[in-house]
Every structure is written in C-alpha cells, then in structure tokens.
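Student: Sequence:
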Amino acid sequence: MNSASDNHSGNKTEGTELLGPEVWNLPNLITISRLLLALVLFVMIYLEGWWKTSAILFIIAAATDFLDGYFARKYNQVTTLGRILDPFVDKIIICGAFIFLLERGPASGINAWFVLIIIGREMFITSLRGFLEQHGRDFSASWSGKIKMGVQCIAVIFSLLSLSPESPFNTSSFILLRDISIWSAGIITIYSGVDYVLRAARMLRQSPLR
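Quick note, in numbering that gives the first Met the number 0, the sequence shown goes up one by one and the last residue is 209.
Among these hints, one or two may not hold up.
Straight-line alpha carbon distances no greater than 16 Å define the calculated EDC-like cross-link-like pairs of lysine to aspartate or glutamate that follow [stated by the list, open to error]:
(1) Lys51 - Asp194
(2) Lys145 - Asp194
(3) Lys145 - Glu121
(4) Lys90 - Glu121
Label-pair distances were calculated between CB atoms; the ranges are [as the list claims (entries may be wrong)]:
(5) Ile186 - Thr63: 36 to 46 Å
(6) Ser206 - Pro164: 50 to 60 Å
(7) Lys51 - Ser171: 13 to 23 Å
(8) Ser171 - Leu208: 52 to 62 Å
(9) Ala200 - Lys51: 41 to 51 Å
(10) Leu176 - Arg136: 37 to 47 Å
(11) Leu127 - Ala106: 30 to 40 Å
(12) Glu132 - Leu66: 18 to 28 Å
Simulated from the structure, these hints should not be mistaken for laboratory data. Note that the structure is predicted; figures quoted are calculated from it, not measured. Heads up, the beta-carbon is just placed ideally off N, CA and C, and yes, glycines get one too.
Let the sequences and hints guide you as you build the complete structure.
Tutor: Spelled out as structure tokens, the structure:
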C-alpha cells in the first residue's frame with residue numbers, strides 16, 4: 000500500500016485536470032473501488048461476526064493497492080486526482096481498520112496508544128511530504144515505509160481473525176502471534192517515521208529552501 004501511494008506522490012509526471020473526463024480511467028476506478036471496499040469492511044467490523052470475511056476483504060483492498068499505480072504508469076494515465084486519491088485511500092483503509100478494531104475493545108488486541116502512533120505518524124509524514132514536494136523535493140517511498148505498511152497490514156489481519164470464535168483463531172498461540180504483529184507494527188511505524196524525518200533533514204541540509 001504505502002509503496003504505491005508514496006510513488007504516486009513522488010511521481011513527476013504531469014497530471015491532467017483534477018475533475019476532467021479523463022479522470023475516469025482504469026487506475027482511478029480501481030482506487031475508488033478500493034475505497035468502497037474499505038467502507039464495506041468498516042461496516043462489517045462494526046456489525047461483528049464477519050471476522051474471516053472482513054479479513055478477506057482487507058486482504059483484497061490491501062493487495063490491489065499496487066494495481067492502480069501499475070496501470071497508471073503502464074498506460075500513461077497518471078492524473079492529478081489519482082495522485083491525490085490513491086494515498087488518501089491508503090490512509091483510510093489502514094487507519095480506519097485500526098480505529099474500528101479499537102472500538103471492539105481489548106479482544107482485538109488494539110490499544111489507543113497504538114492507534115495514536117499509527118495516525119500521528121501518517122498525518123505528520125504526509126504533511127512533511129506535501130511541504131517538501133511543494134518546494135520541488137522528491138520525497139517518495141523508502142524501504143522502511145514499504146515494510147511499515149506490510150507489517151501494519153499483517154497486524155490488521157491477525158487482529159480481525161483473533162476476534163473469530165473458531166479454532167485456530169481463538170487459541171493462545173494465535174493470540175500471541177497477533178500481539179507480536181501489533182507490537183512489530185508499532186515499532187516499525189515509529190522507526191519509519193524517524194527514518195523519514197532524518198531523510199528530510201539531510202535533504203534540507205544538502206539543498207536548503209530558498
């Protein structure tokens with residue numbers, strides 16, 4: 000998720016008009032479909048009892064993230080709307096999933112501090128990226144950002160499945176794996192945020208803003 004989003008943000012290809020007829024292309028339709036899929040996922044988490052189905056929906060929404068960026072580059076269909084919408088949908092999917100899981104209480108393994116770290120990092124780095132790119136800097140994805148998104152997705156999947164009353168998802172060993180994935184996601188999220196800040200600082204030292 001993060002790799003496609005960040006690459007969209009760092010792409011220097013000129014986009015088309017924000018809401019012109021050319022925005023209704025395959026990449027943007029995929030992005031919009033992912034947003035609708037995320038909304039269905041949030042409803043299913045809220046209603047409870049659909050944990051395995053919710054996990055499958057999340058996997059689809061996360062796994063298809065690379066498709067919009069791939070088709071946009073392959074068919075030269077990069078648009079301004081796509082460059083804005085793709086990272087926005089990525090944030091909605093991951094942050095929204097953690098927020099709705101937090102509402103499920105301790106059974107999900109998601110705590111308020113964890114959600115605060117996730118959302119805080121995303122808001123800060125997104126703002127930092129926007130600021131730097133506004134001044135002509137290329138602040139596309141780093142390996143830590145890509146790993147961060149992957150580990151976060153694993154944490155969401157384990158958390159969703161751990162809410163299922165069925166075996167093996169209700170076993171202590173599975174709960175342990177869930178907790179490890181959540182802690183790993185928190186740690187790599189913090190590391191990734193620090194990595195991006197240091198990268199921005201190096202960039203500004205080498206080429207100060209004028």
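Student: Now, for every hint given, state plainly whether the structure supports it.
Tutor: Here is what the structure says about each hint:
1. Taking the CA atoms of Lys51 and Asp194, the gap is near 34 Å; set against the 16 Å cutoff, the hint is violated.
2. Restraint check for Lys145 and Asp194: the C-alpha separation of about 12 Å stays at or below 16 Å, so the hint holds.
3. A hinted pair counts as satisfied when its Cα atoms are at most 16 Å apart, and Lys145 with Glu121 qualifies at roughly 13 Å.
4. Taking the CA atoms of Lys90 and Glu121, the gap is near 7 Å; set against the 16 Å cutoff, the hint holds.
5. Take Ile186 and Thr63: their Cβ atoms lie about 27 Å apart, and the range 36 to 46 Å is violated.
6. In this structure the supplied range 50 to 60 Å holds for Ser206 paired with Pro164, their Cβ-Cβ distance being about 56 Å.
7. The given range of 13 to 23 Å is respected by Lys51 and Ser171, whose C-beta atoms sit roughly 19 Å from each other.
8. Our hint of 52 to 62 Å for Ser171 and Leu208 holds, since their Cβ atoms are close to 53 Å apart.
9. Taking the beta carbon of each, Ala200 and Lys51 are about 44 Å apart, inside 41 to 51 Å as hinted.
10. At roughly 39 Å, the beta carbons of Leu176 and Arg136 sit within the given window of 37 to 47 Å.
11. About 35 Å separates the C-beta atoms of Leu127 and Ala106, a value consistent with the hinted range of 30 to 40 Å.
12. Checked against the hint of 18 to 28 Å, the C-beta distance between Glu132 and Leu66 comes to roughly 23 Å, which is consistent with it.
Of the numbered hints listed earlier, those contradicted by the structure are 1, 5.
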